[in-house]
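Visitor: Single-letter residue listing:
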Amino acid sequence: MSFLQIHDLARRYGSTTVFERVNFSMAKGEFVCIIGHSGCGKTTILNILAGLDAASSGTVVMDNREVAGPSLDRGVVFQGHALLPWLSVMRNIAFAVSSRWPEWNRFQVQVHCQKFIDLVGLTGAEHKKPAELSGGMKQRVGIARAFAIQPKMLLLDEPFGALDALTRGTIQDELLRICEATHQTVFMITHDVDEAMLLADRILLMSNGPKACIAEIVDNTLPKPRDRLNIHHDPRYYGIRNHLIDFLVNRSKRYQSGKIVNLKIGGVAA
Amino acid sequence: MKLRLVSAVLSALILALAVGVWHLATLAKGGPAAADSEYAKLVGAQAAAGAKSAFPTPADLGRKLVEHARDPFYDRGPNDKGIGVQLAYSIGRVLLGFAAAALIAIPGGFLIGMSPLVYRALDPFIQVLKPISPLAWMPLALFTLKDSDISAVFVIFVCSIWPMLINTAFGVASVRREWLNVARTLEVSPVRKAFAVILPAAAPTILTGMRISIGIAWLVIVAAEMLVGGTGIGYFVWNEWNNLSIANILAGILAIGLVGMALDFLVGRLQKSVTYVE
Chain A
10 MSFLQIHDLA RRYGSTTVFE RVNFSMAKGE FVCIIGHSGC GKTTILNILA
60 GLDAASSGTV VMDNREVAGP SLDRGVVFQG HALLPWLSVM RNIAFAVSSR
110 WPEWNRFQVQ VHCQKFIDLV GLTGAEHKKP AELSGGMKQR VGIARAFAIQ
160 PKMLLLDEPF GALDALTRGT IQDELLRICE ATHQTVFMIT HDVDEAMLLA
210 DRILLMSNGP KACIAEIVDN TLPKPRDRLN IHHDPRYYGI RNHLIDFLVN
260 RSKRYQSGKI VNLKIGGVAA
Chain B
8 MKLRLVSAVL SALILALAVG VWHLATLAKG GPAAADSEYA KLVGAQAAAG
58 AKSAFPTPAD LGRKLVEHAR DPFYDRGPND KGIGVQLAYS IGRVLLGFAA
108 AALIAIPGGF LIGMSPLVYR ALDPFIQVLK PISPLAWMPL ALFTLKDSDI
158 SAVFVIFVCS IWPMLINTAF GVASVRREWL NVARTLEVSP VRKAFAVILP
208 AAAPTILTGM RISIGIAWLV IVAAEMLVGG TGIGYFVWNE WNNLSIANIL
258 AGILAIGLVG MALDFLVGRL QKSVTYVE
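Chains A and B supply the protein sequences, listed in that same order. Whatever position you read off the first sequence (first residue = 1), add 9 for my numbering. Whatever position you read off the second sequence (first residue = 1), add 7 for my numbering.
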């Protein structure tokens, strides 16, 4: 029994089907990225996993329990960071921590928050308001907030989409480091093929909407631990990368059948 | 800094100019003028002779203001109370009516803002009731409440409630969806969500409503007190009109302006303290 099982998920708005026949599962500690063009319903899938949205049909089972509504078991890092602008960095995270452990006193909460502020490299910015932070720092707070509640699964909705390449790189490194240290189960939406290859164990490729579905599941065979600066020297790197890009450019449009192709393209390029 | 200094100097110049024009316009005119005898009987020989304008000079007002400032809180019977006492009555009524309105409007606005159903159901009533001049309620209030003091407070209540209600509802309804989603994913209880997310998110809008309300309330209290009489700065102004003491009327007007400014400033400070930058 997998940790997370998604069975025959579909979402319809009236007569329009955004996606259907979405089936996949995730093991505990696995990092899965989902890639697809805009409008294929990636965010809707993530929201359903988060419990913020409901599927039209199909089921999501996590840790032997059906997902029906939001839960502290699933931490979400929102696309637009979604920090509460009237609270400082510390208090934004404390809001989450005291929701998770309401019995904790102020001191316990603060110590716990500080640990995660340090973890994402925001030491010294504890008492700043979100408006005083750069985009990258805001997203770090969002990540710290999600990690701080120690959820069973982390859901990331294109967390680095709005960041410049340099900042994105550093935060990717941090995320990689934290995930390796905590063995966190992560489901992440991204548009960035390189990001997916750096972070993911498996990459789900969605065909274009309407009636989108998961067309291919690509096992990322690049060895771990991965290093952002050297990963592209791996002989397998461009094989996988070309495969993913080809999907986005060509196959995502043509894909019609409901059959998922499961690929291991380890040695393709070599 | 430089801008502030220059603007202060300019303000002072404008004030000096206005007072100067006023002073010149109210100067005693020289020589006895041939006055109409009936007019003389009506306004008194001195005025008719043009010895002095009936409108006070800036100096007259100044003397009056010093007089009021020296003893603002005296009380010599129903028709002779210090300007401070009268202002205190008015401020008291405004704060009472305003507080009662806030007590209803803020929770009410919360409810309306949270529920599109309640919003739609109450909207026609709000739209009809909002444009009614609060003074139009006065006779009804006098008839039902049978107390002029409570009626004045009621009128303040009625005029304060709408801006607060509408702004609270709007502020609550337009809380960013993602902030609410944060609360949902953290399984925050409805009460905690209301106080820790929705209230601070909507606070600047709510305070804007409160600021509009206190401004309107202060406008309305003067008119209301002219109607109900007895005490208050509105009654003071009207009473001085009956006394034909233009200097006192001017002093009253100035006091109304200053208190109105102070009330706005205080709510403005409160507003600033809850404002956040997104």
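In case anyone wonders, no lab produced these hints; they're calculated from the structure. Note that CB positions come from ideal geometry on N, CA and C, so glycine has one too. Incorrect hints may have been included.
Stated by the list, open to error - If the Cβ cut is set under 10 Å, some of the chain A residues that face chain B in the computed set are:
| # | residue |
| --- | --- |
| 1 | 34 |
| 2 | 38 |
| 3 | 56 |
| 4 | 63 |
| 5 | 85 |
| 6 | 105 |
| 7 | 158 |
| 8 | 211 |
Visitor: Hint numbers the structure violates, sorted upward?
Guide: Of the numbered hints, 1, 2, 4, 8 do not hold.
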